[in-house]
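Based on the hints, put chain R in the right spot on chain L.
There are 2 protein chains.
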Amino acid sequence: MINIEYKYDPTINEKIDLLKKRISENHSKITNKNGLGSEFLGWLDLPKYYKDSSEFNEIIKAGDQIKKDSQVLVVIGIGGSYLGAKAGYEMFKNPFKTNGVEVIFAGHQLSSKYLNNLTEYLMTKDFSINVISKSGTTTEPAISFRILKNLLEEKYKDKAYQRIYATTDEKKGALHNLSIENKYKTFVVPDNIGGRFSVLTAVGLLPLYVGGININDVLDGALEALNDFSTDDVYKNPAYYYAVIRYLLYKSGKKVEILANYEPEMAYFSEWWKQLFGESEGKDLQGLFVSSVNFTTDLHSMGQYIQEGERILFETVIKVKDHSSDLLIPKVENDIDELNYLAGKKLSYINNTALEATLIAHEDGQVPNIKINLDEISHKSFGYLVYFFELSCAMSAYLLNVNPFNQPGVEAYKKKMFNLLGKKGY
Amino acid sequence: MINIEYKYDPTINEKIDLLKKRISENHSKITNKNGLGSEFLGWLDLPKYYKDSSEFNEIIKAGDQIKKDSQVLVVIGIGGSYLGAKAGYEMFKNPFKTNGVEVIFAGHQLSSKYLNNLTEYLMTKDFSINVISKSGTTTEPAISFRILKNLLEEKYKDKAYQRIYATTDEKKGALHNLSIENKYKTFVVPDNIGGRFSVLTAVGLLPLYVGGININDVLDGALEALNDFSTDDVYKNPAYYYAVIRYLLYKSGKKVEILANYEPEMAYFSEWWKQLFGESEGKDLQGLFVSSVNFTTDLHSMGQYIQEGERILFETVIKVKDHSSDLLIPKVENDIDELNYLAGKKLSYINNTALEATLIAHEDGQVPNIKINLDEISHKSFGYLVYFFELSCAMSAYLLNVNPFNQPGVEAYKKKMFNLLGKKGY
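The listed protein sequences derive, respectively, from chains L and R.
FYI, the numbering for the first sequence is 258 to 683, going by the numbering used here.
FYI, the numbering for the second sequence is 258 to 683, going by the numbering used here.
Next comes chain L alone, as it looks inside the complex (with noise of 0.2 Å):
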């Protein structure tokens, strides 16, 4: 599905190679689970089992509730609650027509003008909600749950108990107390796995299949990948190569990552890997500052700062092979526009050319690349591609010797939020 290129330095097998056995050790941490952290290694061995899960037919069974009695579904999440089931659904949507339920994130910022926005607009609309939140506690989805949760229940009444879906922790907090009360449908948010981890669960395949998403497709994609990076032979794993390669160019010197797509659609894909590898690796006052672009667009904005700009960067660039949409350039009578040599091609010959250049001038300009050859884009390889990050994740942060799976830093904004707003306790 995937294969990754890295040409820039010729002497990096070398390099790699000296680090074999740190690579072995991080493995068998990984797979035996007894490195920092690894209570939350839920996510590792999903793949095998999800699917034949109790949870996933009753995430099939919502799901196909919501289609039949919303045109919208709300989800309220914030972070890992959120980002992933966001990508999945950019990926794949119609940006300018919804086929099926429209799904509207909510509860990830505290923005009035959305949220008065969003509430005129359900006012119109049938919708469902699904609450995604571990505690229930975090202020950001909590204010929109009992903004719009209000709003349910002055439309569907004594109903609207119905129309609630809560993800959140099995046995405890104040989501979970919640729906016991009201006898909301819930899904777990497991205990052994982080947010940011979490897109293959409930978190994210509820909001993704009733997005029109095949999940079964998507962890199809994971458990392939799960068995093609299952090697501690850097060569032969991906996704480990991919990990150790960006720890040489930071050991190297350089501050930022750049993750670019050229394919629109993937925007929000770049927003979860931001959080992925940000959220686990910036810690200890180390780690990559990871930033995203999306070209050819911002070819023409940070274009001219990746070309000649302080040489504190490298690219991680994702190619992709087929595409199941396409167009032929037409040809015209007069070619003022000079664009008749094109004639014939397709678009996306011309997008993956745009990609090939660009490489060759950013390497001129002493910009590494990291090249992800991924095959298509698909719900396949949508799971494919959130394990491979997943694990690539986890190997850098090893060799970083952090915990890939803690986030102590976001605390420090809740804590003096809390004191500022007069929270008890704080």
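Be a bit skeptical, because a hint or two may be false.
Any copy will do: because identical chains look the same in the list, a pair fits if it lies in one copy or spans two.
With a straight-line Cα cutoff of 27 Å, these simulated DSSO-like cross-link-like pairs (lysine-lysine) come out [said to hold, decoys possible]:
1) K511 to K414
2) K416 to K308
3) K350 to K428
4) K416 to K508
5) K325 to K628
6) K354 to K412
7) K672 to K603
8) K354 to K382
9) K428 to K603
10) K672 to K290
11) K440 to K672
12) K382 to K350
Simulated from the structure, these hints should not be mistaken for laboratory data.
The following block gives chain R in isolation, referenced to the frame of chain L:
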């Protein structure tokens, strides 16, 4: 309309004082138009006269015609021919409902999926095209224009030309020539204003006007900014104050500037800002790498890195004081989600408290911040902010001794692409 706060470094004034002479010199280069790239300073005085120009009237006339005969305006452009209008349009639109004409952007990438979906969508709509390109031969917009022009001609036959508005070079170039030949209504991309500084010309104003923005107010805001920022006294000129602080942070070793907004509708404004600073300063192997975050959303993705990753960052935060749209947190009987301590509070108050808390938390983590206090989000303040950043950018680039107005590095990938595609002469 705005003021700047910078509290991180108590000795900052001493450092600024050492640069006073250079700031004055640069101010004189800007206002006397005799510095590097000064042939591109046309944007500097534009707010003084543009509203009285015949072109401004023509924009209103054309815009009114489009409002009369079109449901959709497709704006075809890339880079500076796209980002300014997109930034403004996104800032004021309702994300869930189009009021008036829907503005859709195209020609800003090479996605076949996007173009196919767009074509299908336009079949059922009355639409016009505003194609924006100085030359008319830039690959991305030229391809989209070929394809969408075909569609327009199939739909409106010999009246199609009346629905094409070309914003291009006044006297020469492929799009200019095509416009003459086909009697398209034309607007001017001035010779003395580069793409990323062009939003207050027809390039940005026609799409903005059609999208429902009061462009009189936008230009009034820019004129107010022009007057507010006319002094070379850095302590009385927020545009220069911002420029010099970010310059000093860069010289102290910071590599990345993050622009943080707390209003999701400003996400594309940050993209515009990234082009402005990245393309103006990222040359001669120097310049800050510019990045953006949308808070509080991204506190749950990039927040960890900002708090505890490598200390190469500083933040520039836009704080909006007054919100026209607001709502109150409702009280609920059983306080399971623990939000009742916020009941009756405005959502904007909570958002701004999150902002202040985050500044404190990040400062504790050794991330300096520059706070830009903005009175409100309005058409006027959009124009004001645009001019503020444009002038800051000129000063900032002059402090780095680079030409703020060229982009030599953008040609590198284009040349290579034409070569790979087999274009004559490459």
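Evaluation of the provided hints:
Taking identical chains as interchangeable, the C-alpha atoms of K511 and K414 are never at most 27 Å apart, the minima being 57 Å within one chain and 55 Å between chains. In this assembly of identical chains, the alpha carbons of K416 and K308 never lie at most 27 Å apart, being 30 Å within a copy and 56 Å across copies at closest. Taking the shortest Cα distances, K350 and K428 never come within 27 Å of each other, neither inside one copy (35 Å) nor across copies (42 Å). In this homomeric assembly, K416 and K508 never come within 27 Å of each other (Cα to Cα): the closest approach is 58 Å inside a single copy and 62 Å across copies.
Within a single copy, K325 and K628 get their C-alpha atoms no closer than 42 Å, and across copies no closer than 48 Å, so neither meets the 27 Å cut-off. Taking the shortest Cα distances, K354 and K412 sit within 27 Å of each other both inside one copy (26 Å) and across copies (20 Å). Taking the shortest Cα distances, K672 and K603 sit within 27 Å of each other only across copies (20 Å), while inside one copy they are farther apart (53 Å). Proximity of K354 and K382 under a CA criterion of 27 Å is satisfied in both settings, with 16 Å inside one chain copy and 13 Å between copies.
Proximity of K428 to K603 under the C-alpha cut-off of 27 Å is found in neither arrangement, the shortest distances being 54 Å within a copy and 33 Å between copies. Taking the shortest alpha-carbon separations for K672 and K290, neither the intra-copy value of 31 Å nor the inter-copy value of 50 Å comes in at or below 27 Å. Within a single copy, K440 and K672 get their C-alpha atoms no closer than 32 Å, and across copies no closer than 63 Å, so neither meets the 27 Å cut-off. In this assembly of identical chains, the alpha carbons of K382 and K350 lie at most 27 Å apart whether taken from the same copy (19 Å) or from different copies (20 Å).
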